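Enquirer: Listed below are the residues making up each chain.
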Amino acid sequence: MTGELTPRAPRPLRSRKAPWVALVIALAVVVAVAALIVNLVEGSLYFYNADEAVEERSDIGDRRFTLQGSPIGCSIVEGFSGDEPVVAFSLSFGGASVDVVHHGDPAELFQADVPVVLDGAWVAQPPVVEGFTGIANDGWHFSSDRMRVKHDNDYINDDEYDERLTLSDAGADSTEVVCEA
Amino acid sequence: MSADAVNTGSRTTRLLGAAVLIGVLALILLGFFGAPEDDEQRDAVRMIFVHLPSAFGIYAAMATTAVGSVMWLWKRSRWWDIVAHSSAEIGVIFCGLTLFTGSVWGRPTWNTYWDWGDVRLVTTLILFLMLVGYLALRSAGGDENAMATRAAVVGLLAAVNVPIINRSVEWWSNRTLHQKSSLTDGNLEDLTLFTLFVGIVVWALFFVWAMIHRFRIGWLEHQLRDIDLETALIQRRAEAATESSGEESR
Amino acid sequence: MTHLGYLLVGWGVSLGCGVLYAARLVLRGRDLAARVPVEHRRWMTSDDGAGSAAESAAPDQGAGS
Amino acid sequence: MFADIWLVTNKDLRIEWRSRVTLSQVAPFALTVLVLFGFALDANPEVLTAATSGLFWLTVLFVAVVAVQRSTAIETADGARRALLLAGIEPSSVFVGKALAIAVQILGVEVLMVGGVLLFYDATVESLPLLLATCAVATLAIAASGTLLGALVAGVRARETVLPILLLPLLAPVLIAASRAFDDALGVLAVDGWAWLGLLAGFGIVNALLGMLAYGPLLEET
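Chains as they are written, first to last, in the working numbering: chain A, 1 to 181; chain B, 182 to 431; chain C, 432 to 496; chain D, 497 to 718.
No lab work stands behind these hints: they were computed from the structure.
Please read these numbers as outputs of a predicted model, since none were measured by experiment.
Misleading hints may appear alongside valid ones.
Stated by the list, open to error - Derived CB-CB ranges, DEER-like:
| # | chain 1 | residue 1 | chain 2 | residue 2 | range |
| --- | --- | --- | --- | --- | --- |
| 1 | B | S320 | D | A583 | 43 to 49 Å |
| 2 | D | G575 | B | A421 | 51 to 57 Å |
| 3 | C | A454 | D | R516 | 52 to 58 Å |
Said to hold, decoys possible - Residues of chain A placed beyond 12 Å of chain B at every Cβ, according to the derived structure:
| # | residue |
| --- | --- |
| 4 | C74 |
| 5 | D83 |
| 6 | V117 |
| 7 | G139 |
| 8 | R146 |
| 9 | M147 |
| 10 | H151 |
| 11 | N153 |
| 12 | I156 |
Even glycine gets a Cβ: it sits at the ideal position worked out from N, Cα and C.
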């Protein structure tokens, strides 16, 4: 009895092969198509770089959006807007600069030349923060209430490298902007 | 270990396990005391030594699941089906750890635990949820062959996410908060790079160790299912025999 | 060391999860291996030799199945 | 092929029309969810405006789960799947037909919901073409994924709970892309809605292709 009832290896269920081979090929094609599509929609997602934000200012209006750019070192001022603690600074990207008033404390790693990503909206007034004029100074400022720091993929220790290697994201050109002070 | 304890280990897994333990010790020493701090992130950079190996673990696990799923669909190979299931289970752990260590790293460096706008973060989370769904489907039970086919389709659907996750920081370069690939286009200190490789090797060894154990568990479960069926058959036949003999004697 | 708290949480949870999962695998493997008859236990060992495993496990496990 | 697709779509829609479940239960369910979100977020109208697109599409996903459950139930009851296979209709035609039937139902509910959003949430439409295109493309993407997973879980014992666990994460990209496109169409956020629509279309094509290929083997096996 036991000899007869020993568990057997499962029968190979060889159903139609062809559809699955086709499926695998289709999957590869599909991944390629998806890759193509995401490439096409590049440039539309998540945040506006500073130059695009300035260019599309009239389209954006007072709607909220996310802005990205590199803070310019000599422009950073911590002060008050009314009673509220703010950080005012100018940031640049792609040759354009934007004056920013960030409401709240700056991010821990907030520093010059390290790109930040900010949530907020355009305000059609010059920034009113004591001691801050702004490098753009175009009658507008970006009022932000959420700040993230976009650090790069360089893991470098300054002590061992004489100069900072600026291989990070193409387009960050804070060095072009010259502070007047 | 007592001599009569039966388990899923073998000489290979014991060697692997020992290597993982030694590797973890080395990684802790290198990670906390060997590698230098980063000039932007300071010591927070040391999170990369657990974060990136976990992320690589997802890729390895999902690739294995994808191959296993295809091989089941193509060859109806139970072996590959168990491989796909095993690696998906390990993959969900790697995926959870990647998300967790990434968030904990993000708070001091990005100033946020999570960002809904970042493609890599969101696609990784979607993969995690799909893997949870995969395991839920696997645990739903039912006919073994039908279940393997269903799971294989879901496994492939989930695996499609992986190339998107991996490439997202390039496709949306300048559009993601997440930094670009650290290994391929990053600029790392020698010792940081070395520590990172140690981390990847340790995680890879752990992956292999876990795969062997998990595969054997899957195999045993499969055997047990067969045996349960046989036992039920024997019992049923025995019942039938007593019933019929009872009727005859009446 | 800066950010030590974050680092300890990240590393701790990673290594902790690994240990817990490993322990669960080993225990589940033992439980299952004990329930499966010897002749179906491929790769399973009670000591280092694959061949002797089945024999040494046979006396006490055979009765259970 | 098109005749077969029409046959299946027509059959599903007729069953749906006769039972009136979509009309009498799913549509009121969707409106109730919208109203409840309104209650929950009423204290802050700004939040409600900002969240309108997300709430809309989240509700659509819930509706989709219900619609797929219904569609699967039609097929599994009384061995109707076997009958469909025996009738000699190509599985891919069955897939497209069922997906279209689901899409029509979801679209019907969406029309009602757009009205509800304009009425309850005080939303304004800034780009009607974008709004309509998003609804159409997103619905097709949802219907394709839903039909595939519906067939996948058809034979599972706990399919009522397994379906949402599998379907909702799969549809997460649709939720994200359709919500952003709606944000643009309703003038809430400064994003490029048409680009998000492209992403949505890509996702829909991928899922429709996968579904057409995988549907046959799944039908046979489960």
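Enquirer: Taking 52 to 58 Å as the stated bounds, is the beta-carbon spacing between A454(C) and R516(D) within them?
Expert: For R516(D) against A454(C), whose Cβ atoms are near 55 Å apart, the range 52 to 58 Å holds.
Enquirer: Is the Cβ of M147(A) more than 12 Å away from each Cβ in chain B?
Expert: violated (6 Å)
Enquirer: Verify this label for me: I156(A) is non-interface relative to chain B, using a Cβ-Cβ cutoff of 12 Å.
Expert: Given that some Cβ of chain B is not farther than 12 Å from that of I156(A), nearest at about 6 Å, it is violated.
Enquirer: The hint says 43 to 49 Å between S320(B) and A583(D); measuring C-beta to C-beta, is that right?
Expert: With Cβ atoms ~35 Å apart, the hint is violated.
Enquirer: Would N153(A) pass as off the interface with chain B, using Cβ distances and a cut of 12 Å?
Expert: violated (4 Å)
Enquirer: Can we trust that V117(A) is non-interface, i.e. its beta-carbon lies farther than 12 Å from all of chain B?
Expert: Check fails; 6 Å does not lie beyond 12 Å.
Enquirer: Would the least Cβ to Cβ distance between C74(A) and chain B come out above 12 Å?
Expert: With a cut-off of 12 Å, C74(A) remains clear of chain B, as the shortest Cβ separation is near 19 Å.
Enquirer: Given a hinted range of 51 to 57 Å, is it respected by the beta-carbon distance of G575(D) and A421(B)?
Expert: violated (29 Å)
Enquirer: R146(A) clear of chain B by more than 12 Å, beta carbon to beta carbon?
Expert: Its Cβ does come within 12 Å of chain B, the nearest being 8 Å, so this is violated.
Enquirer: Just want to verify: D83(A) was marked as not at the interface with chain B; is every Cβ pair farther apart than 12 Å?
Expert: holds (23 Å)
Enquirer: Does H151(A) sit more than 12 Å from chain B, CB to CB?
Expert: violated (5 Å)
Enquirer: Beyond 12 Å on every Cβ pair: is that true for G139(A) relative to chain B?
Expert: holds (27 Å)
Hints 1, 2, 6, 8, 9, 10, 11 and 12, counting from the list given before, are not met by this structure.
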